[in-house]
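First residue of the sequence shown? That's 16 in the working numbering, and the numbers climb one at a time after it.
Note that these hints are calculated values from the structure, not bench results.
Here a beta-carbon is modelled for each residue, glycine too, at the ideal position from N, C-alpha and C.
The reader is advised that the hints may include incorrect statements.
[Stated by the list, open to error] Derived DEER-like restraints, expressed as beta-carbon distance ranges:
1. Arg38 / Ala100: 49 to 57 angstroms
2. Arg85 / Glu112: 23 to 31 angstroms
3. Lys61 / Asp81: 25 to 33 angstroms
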Amino acid sequence: MSAHLPEHADLAGTRDVPASEARNRLAELIDAVASGDFVYLTRRGKRVAALMPADIAEHYEQIEDDYWARRAAEAHERLRRNPSAAVPWDQVIAELERG
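Let the hints inform the model, and build the full structure from the sequences given.
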């Protein structure tokens, strides 16, 4: 898997738009995002969400999927080498619930 971003990622413009305003400008914002821009939606001046081109979001998802697949394969290999290292699921849940 290549770590390169989609072609237009380095050319993207960004803009901050209040979420309340974005509702009325959705078609315009979708057009901007489709042409490579990033739109950050804000509440009280703080960025709370982002709109980005679909190919960049898909690229991010692929990176995340690859990461978790690698982590699962590493865990599987550790357990294959040392089966006694397995932790029962009930114990994991109990530890999580204790905080």
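* Enumerate the violated hints, using their earlier numbering and listing them in ascending order. => Violated hints: none at all, because every hint is consistent with the structure.
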